[in-house]
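Sequence lines, in order, name chains X and D.
The numbering used here puts the first residue of the first sequence at 1, with every later residue one more than the last.
The numbering used here puts the first residue of the second sequence at 1001, with every later residue one more than the last.
Simulated from the structure, these hints should not be mistaken for laboratory data.
Do not rely on the hints blindly, as some may be mistaken.
What the hints assert, rightly or not - With a straight-line Cα cutoff of 25 Å, these simulated SDA-like cross-link-like pairs (lysine to any residue) come out:
| hint | chain 1 | residue 1 | chain 2 | residue 2 |
| --- | --- | --- | --- | --- |
| 1 | D | K1099 | X | L88 |
| 2 | D | K1002 | D | S1068 |
| 3 | D | K1067 | X | E103 |
| 4 | D | K1067 | D | P1081 |
| 5 | D | K1002 | X | K12 |
| 6 | D | K1002 | X | P61 |
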Amino acid sequence: EAGVTQSPTHLKKTRGPQATLRCSPISGHTSVYWYQQALGLGLQFLLWYDEGEERNRGNFPPRFSGRQFPNYSSELNVNALELEDSALYLCASSLGGGGDSYEQYFGPGTRLTVT
Amino acid sequence: QKEVEQDPGPLSVPEGAIVSLNCTYSNSAFQYFMWYRQYSRKGPELLMYTYSSGNKEDGRFTAQVDKSSKYISLFIRDSQPSDSATYLCAMSAIVGDDKIIFGKGTRLHILP
Chain X
1 EAGVTQSPTH LKKTRGPQAT LRCSPISGHT SVYWYQQALG LGLQFLLWYD EGEERNRGNF
61 PPRFSGRQFP NYSSELNVNA LELEDSALYL CASSLGGGGD SYEQYFGPGT RLTVT
Chain D
1001 QKEVEQDPGP LSVPEGAIVS LNCTYSNSAF QYFMWYRQYS RKGPELLMYT YSSGNKEDGR
1061 FTAQVDKSSK YISLFIRDSQ PSDSATYLCA MSAIVGDDKI IFGKGTRLHI LP
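Please model the complete structure; the sequences and the hints are all you need to start from.
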């Protein structure tokens, strides 16, 4: 069974424009979570989508947004890129629906570098 | 005070030793406790989870939760070089309706 996949693996951007990161969950999983893992800050929760809706949001500015598609894949958009947005962005999926959401399975991440 | 505190390490121990990894937390509402392992350039993988207080054993790994002290531990017996990774504790209050709070992770090196 395929795990969580993310694309691209690496993304280099300059300050200002938008970055779009993509995630495909494990088949059968309806919940998708986005995390930012910056050096020295640990894993920070960004967004949680379940059944196409945003369920929860971490302490990040509105320029971090996303959506979940009918096939449960998801994209994360980061607008007005800043240098401090450089980090590993991890996507995780779980069965969702109020069930075993603590059993999150992570993808390999997208390394975003902003210069 | 941060919600979850975890010593970043690095922690270096000889092969075969027992490893003890720990986290403390401040939110008494946390009920679900997880340990993730993250190898370099990879996403975290779920190792173990426990609900409320008590111990849980899985092979060489034992997770322990002491809610009265707000303290959780992961023990690794007969440590192997392949156990070298960053270990993240994580916890949440409510299943299905809450985000998980992660510790910053402890880097572990098992010396052959």
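Evaluated hints:
For the suggested pair K1099/D and L88/X, the alpha carbons sit about 19 Å apart, so the restraint of at most 25 Å is met. Taking the CA atoms of K1002/D and S1068/D, the gap is about 18 Å. The hint holds against a cut of 25 Å. Among the hinted pairs, K1067/D with E103/X is consistent with the structure: their alpha-carbon atoms are about 21 Å apart, no more than 25 Å. The hinted pair formed by K1067/D and P1081/D fails the criterion: a straight-line CA distance of about 31 Å is larger than 25 Å.
Annotation: proposed proximity of K1002/D to K12/X is violated, straight-line Cα distance about 32 Å (limit 25 Å). Distance check on the hinted pair: K1002/D and P61/X sit about 20 Å apart at the alpha-carbon level, within 25 Å; holds.
In this structure, the earlier hints numbered 4, 5 are contradicted, and the remaining ones agree with it.
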